[in-house]
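*Asks:* Residue-level listing of the chains:
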Amino acid sequence: MDLEHTYSIEQLVDGCRRGERKAQELLYRKLAAPMFNVCLRYASSDFEAEDMMQTGFIKVFKNISNFRGEGSFEGWIRRIMVNTAIEIYRKNLRMLKTTDITEIFDHEQQLFDMDSLETEDLMKLIQQLPDGYRIVFNMYAIEGYSHQEIANTLQISEGASKSQLSRARAWLRNKLIITEGGGNYGTYAG
Amino acid sequence: MQDKEFDKKLQEKIGAFTPKVPEHLWDNIVKEVHGQSIVPSKKDSAALSWLKIAASIAMVLTAITLYVKRPHEVIYLSGNKVQQIEQKEVLQSQTPAVVTAKKEVMEWNTDKSQIPRYETVEQKTLIEVATQDEKSVPHQSFDAEIKGPDILLVKSEVKLPEHIASLPLITSEPVEEESVKRNKKGFAVSDVLNYVVASVNQGDKKVISFANDDEGILKVALDLKALKTKL
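Which chain is which? The protein sequence lines are A and B, in order. Each residue of the first sequence is one higher than the last, beginning at 0 in numbering that gives the first Met the number 0. Each residue of the second sequence is one higher than the last, beginning at 0 in numbering that gives the first Met the number 0.
Be a bit skeptical, because a hint or two may be false.
Below, in silico cross-link-like pairs of lysine-lysine (BS3-like), each with a Cα-Cα straight-line distance of 25 Å or less [claimed, not checked]: (1) A:K174 <-> A:K123; (2) A:K61 <-> A:K29; (3) A:K161 <-> B:K7; (4) B:K51 <-> A:K90; (5) A:K29 <-> B:K30; (6) B:K7 <-> A:K123; (7) A:K58 <-> B:K3; (8) A:K174 <-> B:K12; (9) A:K21 <-> B:K7; (10) B:K7 <-> B:K30; (11) B:K205 <-> B:K227; (12) A:K61 <-> B:K30; (13) B:K30 <-> B:K3; (14) A:K21 <-> A:K58; (15) A:K174 <-> B:K51; (16) B:K19 <-> B:K3; (17) B:K30 <-> B:K19; (18) B:K19 <-> A:K29; (19) B:K51 <-> A:K161; (20) A:K123 <-> A:K90; (21) B:K30 <-> B:K12; (22) A:K29 <-> B:K12; (23) B:K30 <-> B:K8; (24) B:K229 <-> A:K123; (25) B:K204 <-> B:K229; (26) A:K161 <-> B:K204; (27) A:K61 <-> A:K90; (28) B:K19 <-> A:K123; (29) B:K8 <-> B:K19; (30) B:K229 <-> B:K218; (31) B:K3 <-> A:K123; (32) A:K90 <-> A:K29; (33) A:K21 <-> B:K51; (34) A:K174 <-> B:K8; (35) A:K123 <-> B:K8; (36) B:K12 <-> A:K58; (37) A:K174 <-> B:K218; (38) B:K19 <-> A:K161; (39) A:K21 <-> B:K8.
These are calculated hints, taken from the structure and not from any lab test. The structure presented is a predicted model; accordingly, all values stated were derived computationally and were not measured.
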């Protein structure tokens with residue numbers, strides 16, 4: 000009998016508000032995988048992703064009474080994970096690294112067929128992005144934040160956010176070509 | 000357009016990815032959320048209470064077992080051993096001797112009614128006499144006296160000359176023993192007191208006299224008539 004399917008998210012959230020350990024465990028089991036996916040994308044390593052995950056869920060259980068149910072709970076907890084990743088990034092005093100524009104290959108005219116690429120390899124590539132590039136790329140390309148929101152969150156200018164995003168894309172495209180042996184899987188769209 | 004398609008492709012690919020979550024993460028989260036005072040669930044508390052009860056029962060049973068099966072403290076005294084061994088040797092040698100003596104007495108005295116005391120003595124060995132409870136025996140002094148014949152009977156194993164052995168056994172009458180007892184009681188307290196008050200008594204009329212009964216209780220007899228005459 001799978002107990003996770005016998006309770007809805009709302010019931011589990013109510014149980015978590017009452018401090019019930021079983022409800023907390025069931026909620027964690029239900030949302031651990033997608034949240035760990037988020038953490039893996041924002042972290043530079045699996046170890047750092049675990050640290051984010053642990054810190055994020057502790058925040059969730061301690062502040063679950065602040066969730067008013069106005070949006071989806073999964074969206075709320077995802078925002079907590081992203082904020083946790085940003086806090087860790089700031090805590091580690093990582094400076095946004097700028098990459099010389101000459102190091103980036105221009106592949107604007109290429110469309111990559113990423114269906115043949117393993118997801119785990121893609122995640123590893125994202126983790127290898129420079130810290131500033133990775134956060135901006137995740138927030139904009141995956142999470143859907145605007146440049147203004149990213150600028151306010153990271154306390155940078157919108158131009159810096161756009162620049163970081165552009166460089167992140169170029170870095171990934173370059174890495175994908177190198178990984179696949181010089182663009183054997185890529186097709187030129189242009 | 001190329002950037003948006005690239006982002007969309009990445010988003011779809013990453014979104015479908017389901018990573019494996021390490022198991023130890025939940026344990027760490029629980030420790031952090033609940034701290035040291037982890038509130039157990041009802042099942043956990045019930046199991047914990049049963050464990051406590053089982054542990055208490057086990058402790059009680061262990062204590063009882065240890066108390067019952069505790070090692071007995073044995074003190075070995077070499078003196079006791081020697082004494083016991085010597086006593087066994089004496090008893091082993093004396094038991095058949097008494098039986099032998101009994102046979103001889105039976106041969107010498109065909110008339111059992113004449114020597115009832117000898118029969119009583121013959122039925123008792125030294126072990127029985129030694130282990131008799133003094134309180135259970137009403138006549139302790141009597142038992143003490145009959146130990147004499149036991150020893151004599153043992154000694155009777157010695158073969159006497161035929162001219163002596165052929166002589167009839169002279170039995171002592173019980174009356175004579177009573178007289179011996181009376182002679183032994185000559186120094187009783189009552190006799191001493193009677194001797195002291197003899198000066199007060201005149202002739203056969205005793206004003207005051209003392210006597211001891213069989214149990215040793217001192218009795219005082221006061222003749223008021225003689226006392227009135229004396230006064």
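*Asks:* Sort out whether K8 (chain B) lies within 25 Å of K30 (chain B), counting only the CA atoms.
*Replies:* This hinted pair is violated, its Cα atoms lying about 39 Å apart.
*Asks:* Holds or violated: K30 (chain B) with K3 (chain B), Cα cutoff 25 Å?
*Replies:* Given that 25 Å is the threshold and the Cα spacing comes to 43 Å, the pair is violated.
*Asks:* Is it true that the CA of K58 (chain A) sits at most 25 Å from the CA of K3 (chain B)?
*Replies:* violated (33 Å)
*Asks:* Would you check the hint for K123 (chain A) and K8 (chain B), treating anything up to 25 Å between C-alpha atoms as holding?
*Replies:* holds (16 Å)
*Asks:* Against the 25 Å threshold, does the CA-CA distance of K174 (chain A) and K51 (chain B) hold or violate the hint?
*Replies:* violated (61 Å)
*Asks:* Does K19 (chain B) pair with K161 (chain A) here, judged by a C-alpha cut-off of 25 Å?
*Replies:* Since the Cα atoms of K19 (chain B) and K161 (chain A) sit roughly 33 Å apart, the hinted pair is violated (cutoff 25 Å).
*Asks:* Quick one, are K7 (chain B) and K30 (chain B) close enough, alpha carbons at most 25 Å?
*Replies:* violated (39 Å)
*Asks:* Would you check the hint for K161 (chain A) and K7 (chain B), treating anything up to 25 Å between C-alpha atoms as holding?
*Replies:* holds (17 Å)
*Asks:* Do the alpha carbons of K161 (chain A) and K204 (chain B) lie within 25 Å of each other, as the hint requires?
*Replies:* Judged against 25 Å, a Cα distance of about 153 Å means the pair is violated.
*Asks:* Given the proposed pairing of K29 (chain A) with K30 (chain B), does the C-alpha separation stay at or below 25 Å?
*Replies:* holds (19 Å)
*Asks:* Hint check: K19 (chain B) vs K3 (chain B), CA-CA at most 25 Å. Holds or violated?
*Replies:* Not satisfied, since the Cα-Cα distance of roughly 29 Å exceeds 25 Å.
*Asks:* Regarding the pair K123 (chain A) and K90 (chain A), is the alpha-carbon distance no greater than 25 Å?
*Replies:* Judged against 25 Å, a Cα distance of about 23 Å means the pair holds.
Against the hints set out earlier in the document, violations occur for numbers 4, 7, 9, 10, 13, 15, 16, 19, 21, 23, 24, 26, 32, 36, 37, 38 and 39.
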